[in-house]
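Undergrad: My request is simple: use the sequences and hints to build the entire structure.
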Amino acid sequence: MGRHPMPAVNLLEVRGVSKRYGAVVALRSASLTVAAGEVHALLGANGAGKSTLVKILTGVIRPDAGTIEMSGRPVRFASPASAPRAGLAAVFQDPSLVPDLTVRQNLRLTGADPAGVRRWLAAMDLGVDEDDLAGDLPLPLLRILDLARALAREPRLLILDEITAALPADLVERVFHVIRRWRAQGRSVLFISHRLVEVRTICDRATVLRDGADVGTLVLAERAEQQIVALMLGPMAASPEALRPAGPGAGTRPDAAVRDRAGGASAAPLLLEARGLAVSGALRGVSLSLRAGEIVGVAALEGQGQDALFDCLAGNRRADAGEIRVAGRTLAPRTPYDAIRAGVVLVPADRVHALLPQRSVRENIALPLYNRAARWGPIDLRDEGARAGAAIARLAIDTRAQRQVRRMSGGNQQKVVVARWLAAGFRVMLCFDPTRGIDVGTKRQIHRLLRDLAAAGAAVLLFTSELPEIPLVCDRVLALYEGRVVRELPARAADEATLLRVVHGLAREEPPG
Amino acid sequence: MTPYTATGRPEVRWPAARRALADRPALTLGGILVLLLAATDAVSPGFVTPHQLSTTLLYAAPLGALAAGQTLAMLTGGIDLSVSATATAAAYLIAGLGARGTAQAVAVALALGLAVGMTNGVGIGVCRVQPLIMTLGMAGVLGGALTLASLTFTNGVPVVPDAVHQLGSGTVLGYLPLDTLVWAPLAIALLAGLARSGLGRAIYAVGDNPLACRLAGIRVWQVLLLTYVLGGVLSAIAGILLVGYTNAADLNLATPYLLQSVAAVVIGGTSILGGSGGYGGTILGALILTVLDSLLTILNVSQAGKQMLYGAIVLGLAWIYARAAPAE
Chain A
899 MGRHPMPAVN LLEVRGVSKR YGAVVALRSA SLTVAAGEVH ALLGANGAGK STLVKILTGV
959 IRPDAGTIEM SGRPVRFASP ASAPRAGLAA VFQDPSLVPD LTVRQNLRLT GADPAGVRRW
1019 LAAMDLGVDE DDLAGDLPLP LLRILDLARA LAREPRLLIL DEITAALPAD LVERVFHVIR
1079 RWRAQGRSVL FISHRLVEVR TICDRATVLR DGADVGTLVL AERAEQQIVA LMLGPMAASP
1139 EALRPAGPGA GTRPDAAVRD RAGGASAAPL LLEARGLAVS GALRGVSLSL RAGEIVGVAA
1199 LEGQGQDALF DCLAGNRRAD AGEIRVAGRT LAPRTPYDAI RAGVVLVPAD RVHALLPQRS
1259 VRENIALPLY NRAARWGPID LRDEGARAGA AIARLAIDTR AQRQVRRMSG GNQQKVVVAR
1319 WLAAGFRVML CFDPTRGIDV GTKRQIHRLL RDLAAAGAAV LLFTSELPEI PLVCDRVLAL
1379 YEGRVVRELP ARAADEATLL RVVHGLAREE PPG
Chain B
2 MTPYTATGRP EVRWPAARRA LADRPALTLG GILVLLLAAT DAVSPGFVTP HQLSTTLLYA
62 APLGALAAGQ TLAMLTGGID LSVSATATAA AYLIAGLGAR GTAQAVAVAL ALGLAVGMTN
122 GVGIGVCRVQ PLIMTLGMAG VLGGALTLAS LTFTNGVPVV PDAVHQLGSG TVLGYLPLDT
182 LVWAPLAIAL LAGLARSGLG RAIYAVGDNP LACRLAGIRV WQVLLLTYVL GGVLSAIAGI
242 LLVGYTNAAD LNLATPYLLQ SVAAVVIGGT SILGGSGGYG GTILGALILT VLDSLLTILN
302 VSQAGKQMLY GAIVLGLAWI YARAAPAE
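Quick note, the sequences are listed as chains A and B, same order.
Under this note's numbering, the very last position in the first sequence is 1411; numbers go up by exactly one each time.
Under this note's numbering, the very last position in the second sequence is 329; numbers go up by exactly one each time.
Think of the hints as simulated: they come from the structure by calculation, not from any bench.
Heads up, none of these hints are tricks.
Which stretches of chain B does chain A cover? Using the computed rule of at least three CB atoms under 8 Å from a CB of chain A, they are:
| hint | region |
| --- | --- |
| 1 | 217-227 |
| 2 | 272-281 |
From chain B, some residues computed to sit far from chain A (all C-beta separations above 12 Å):
| hint | residue |
| --- | --- |
| 3 | 45 |
| 4 | 138 |
| 5 | 300 |
Positions of the beta carbon are idealized from the N, C-alpha and C atoms, including for glycine.
TA: Here you go:
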């Protein structure tokens, strides 16, 4: 961007860096320039390639192509140890302290300078008893400690990956204070955050990644958020064609039916209600309700508590507070079994967590049928075959590799996970990103299936990282931000641009409902 | 590191052999068994006679029962190192209590198997102790208890009841060993149970992916508990057959069978990582080991030499399976 006076010295210059994992391109060609004395933001939607670029910069992975220069000299990070030598220090989302060691031992372990750490903590008006076990400290303090430790190394470039994510507002302010001091000393920060408001407050410039490439660098001024969102989004015409109905009757959403139902939805029975669900560090009082025949979307950036929400509802994790009711009866699930008995089933994010890779399609589908000791006797093979067969037919599962599920394609595997619950029966289906990484055709089939299930009286809670799916499949959408529901929108109003603003915690002014 | 070819697929060596082992274990194993019988007959002409085959079955039955428990444990991704100690303990109880009545002795021996299995199952399923550690500790406890108990037997002569002796060594209809008549229904029940019962499905599932089981509502601890209980009872049955054959109990009665039980399961194609395989393979594995043992005896190979060979077989097969396992 020519408007900004280009600084004389570029501290970090990344040019055309790319990385692919097998067939998946994580980073196509990313370039990035950080000047000396600059706080530079790295932005992008989920899967844009931010974390891959950070991993490359910190020597965790090696790029396939491209160059990295520090102060004009090419550098090559062969391992995580070589980045600090080049003057880089990073603070990651997960605290990198050993919980069973004291703070002092942790500092010694990493060769940090205790005096420097103390000095930086003092600069943030914080003190830590160095004889405390790291595991006993609260998460925000651990992150601050991580930050102080990185600062004490006196690197030339500090990389902060979502440093503010777990911090209360007052600590965020102190972190910003330190960052400003750091900048005043002529040193630089690469700041990665989902919170655009913070980015505007603290950063000088921002580089936006989309689909593995840098799509623009801009100077952060007033109203820069809208510009950033526009860059992240790209030209709307380029939004995935596949998610649009292919033509009349191609069978995505029967719009007329949806409208009809939207009118009469309140008459349908409530199937799932949650009140004030809380999980420390993840969920801060989430309430929601699902009626029969309804698909409710959950839109959120990574790590806004959606994992904990789904885990609590599915009985895979206990909530610290809050209440769950299924069809009017209180459910306090201690295991997924309890939730499944009540009719609440989970299609988890990772197929690897749900499948028996060495077993056949039929055994995978039949698995929940045998989740009670009362069903451990002889199998009614005809009944099992009929249930599995019906589910296979309904989802059009390709059974050529049916003897071992691990030999099937990702899309087919995902269908097997869904088919399992068709065979076992359920009232509420919790789908966590069911279409991630699968082909367009299968995506459409799953969308259609979810609509059919809802039409047949089930309720579906759908988290998806692909925002265009929401208006296509859902009736309503809840936006989750920092463990809270910040907005509720009818799906019609949930176009991608609106959603993107909402999930970034912008446009909060309109009250939910 | 797995070498990768240009297409990004893991390079597979001997794909045909591996697929044969993985997809049609019965054919491969049956072939090996026939080859071994032929080899033994060549070394010692006249080996393949009804009488010798009958003896082979007689020898194989205790191993087959012991390896049955081992199969179940390994299908769940675990291992049971207490099978031989349990069998020996059951044998001791038969010999020690034989004078008081056969039925009582057998009942107590089976109850011991149940108790050992229950303890293993609670430790592994509920307290989440590593199966290796849990059953190794159990074997140690049982071994120590047996050593103490054996001191009391020096006062009187332990007597194996005649019925048990008959069961472990006799034959009917000329060539059919009685212990095979115990083993066969057990084997049929296991084969049918693993293929066509809800518990069988759950056992495979737990071995393949315990997390998936949890998310599907299966309470993994229940499956593990029942698996090790069955293993304990099967081990006790093996001990009863074994003491019937030897007609006397000693502290190391079943000790050589521990490695053989693992070998039979692994030869039979059950994955040491759990989740695939079955008892059919184990039966063939037990028969192969029994014939191999005869062949080695005819060739004058010492007990130590046999042990080394069995150990090498387990290691070799474990290596092959580890390489064939799905890459992460």
